[in-house]
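**Q** Single-letter residue listing:
There are 2 protein chains.
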Amino acid sequence: MLTLHHAPNSRAGRIVWLLEELGLDYKLNRMEFSPKALKSDEHRARHPLGRVPVLEEDGTTLYESGAIVEYLVRRHSDGSLIPPHESSSFPEYLQWFHYCEGMVMPPINTIIVQTILLPPERRDNTVLGQAQRLLGKSLKPVNDALSNREYLIGSFSAADIMLGHSLYMSNRLDCVDETMDQIKRYIGNLEKRPAFQKGISA
Amino acid sequence: MLTLHHAPNSRAGRIVWLLEELGLDYKLNRMEFSPKALKSDEHRARHPLGRVPVLEEDGTTLYESGAIVEYLVRRHSDGSLIPPHESSSFPEYLQWFHYCEGMVMPPINTIIVQTILLPPERRDNTVLGQAQRLLGKSLKPVNDALSNREYLIGSFSAADIMLGHSLYMSNRLDCVDETMDQIKRYIGNLEKRPAFQKGISA
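Protein sequence lines correspond, in order, to chains A and B. Read left to right, the first sequence gives residues 128 to 329 (the working numbering). Read left to right, the second sequence gives residues 128 to 329 (the working numbering).
Treat the hints as calculated values from the structure; they're not laboratory data. There could be a bad hint or two in this list.
No copy labels: a pair is met if it fits in one copy or bridges any two.
DSS-like mimics (lysine-lysine), calculated; alpha carbons at most 30 Å apart, straight line [unchecked claim]:
| id | residue 1 | residue 2 |
| --- | --- | --- |
| 1 | LYS166 | LYS325 |
| 2 | LYS311 | LYS166 |
| 3 | LYS311 | LYS154 |
| 4 | LYS325 | LYS163 |
| 5 | LYS319 | LYS163 |
| 6 | LYS154 | LYS166 |
All values derive from a computational prediction rather than experimental measurement.
Build out the structure end to end from the sequences listed, making use of the hints.
**A** Put into structure tokens, the structure is as follows:
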């Protein structure tokens with residue numbers, strides 16, 4: 128049995144989305160997005176730093192959303208969300224999958240810390256501004272890549288689960304401006320998917 | 128022909144290391160780690176934000192070190208650096224592979240910005256201290272996982288190329304203290320590999 132440890136408005140939404148796309152049975156442990164819940168002894172036994180998502184299956188505990196996505200696709204699906212290794216889509220699939228945590232999530236994390244998590248007196252506008260500018264620069268190549276495409280590599284793939292979710296978060300943080308018209312259109316494509324709706328509302 | 132665009136003391140060292148581990152022929156374009164080189168029009172045609180590593184092969188251009196590592200192993204080796212999907216090592220392989228960019232590199236990037244890249248008058252000790260504390264916390268689970276192991280999942284794998292290289296960088300930045308004895312020992316294991324030596328000195 129698959130158990131997903133989850134908190135709303137976090138990266139864990141990606142995994143709910145994927146579980147729903149794959150039509151898998153799973154148990155959802157929905158925690159509050161608060162230090163009390165995430166830093167509890169119970170949850171730190173699953174993830175020493177108290178993060179989500181964490182996936183459990185038959186005594187195996189696994190964290191890092193990118194790892195969980197690949198695990199689920201390789202172990203629990205026909206693999207169709209990952210292009211064959213010899214295909215021409217494979218390199219761009221890999222690039223956009225890894226671009227999520229490599230380029231987009233670091234400034235998003237800083238923006239969330241500086242606008243939501245820190246108390247107002249500890250926020251730093253210089254740090255916030257740097258992160259917002261970096262995120263804008265990081266989104267530009269994705270906007271260009273999405274021209275005339277429904278999804279990142281054309282057809283829907285696990286790269287959309289990763290990078291698509293972080294583009295959705297960027298937009299929620301008001302960091303996708305009107306010049307990023309391809310990203311805006313693409314987020315509309317994601318929002319039409321019932322599994323995505325379940326992921327972001329879980 | 129494989130061409131790697133590289134700058135010293137960057138993530139690109141991982142890729143030199145892997146190319147050497149796999150015994151592949153490649154051309155190395157060694158650039159200075161400077162805005163002049165990395166933000167040149169020539170390099171920004173390869174990576175819009177002027178980052179390294181970038182890999183080129185037969186008209187395909189690929190960035191993100193995690194993507195390049197998986198591309199090279201899947202396309203240019205017998206795949207032995209990635210455990211079979213059904214093996215018991217596969218989940219922990221994935222976790223440590225992704226932990227590198229998810230948990231370890233974000234604070235390393237901040238530490239490099241705050242101690243090397245920014246001019247002294249623009250550095251911020253609060254930001255630096257937060258990053259150093261986060262890096263310390265992020266390394267702790269890795270130190271625990273390395274107990275009685277030569278490599279991250281036991282035998283050498285592509286997870287060592289990713290996370291091992293970032294542990295080496297953490298140590299270079301004086302962020303691996305004496306309580307992290309397993310990481311210190313592990314870095315010693317990496318340093319015995321001739322391919323690793325080529326990677327970090329390229």
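**Q** Hints first: check each against the structure and report whether it holds.
**A** Outcome of the hint check:
| no. | hint | result |
| --- | --- | --- |
| 1 | LYS166 <-> LYS325 | within (26 Å within a copy, 41 Å between copies) |
| 2 | LYS311 <-> LYS166 | between (35 Å within a copy, 28 Å between copies) |
| 3 | LYS311 <-> LYS154 | neither (32 Å within a copy, 39 Å between copies) |
| 4 | LYS325 <-> LYS163 | within (25 Å within a copy, 46 Å between copies) |
| 5 | LYS319 <-> LYS163 | neither (35 Å within a copy, 44 Å between copies) |
| 6 | LYS154 <-> LYS166 | within (21 Å within a copy, 47 Å between copies) |
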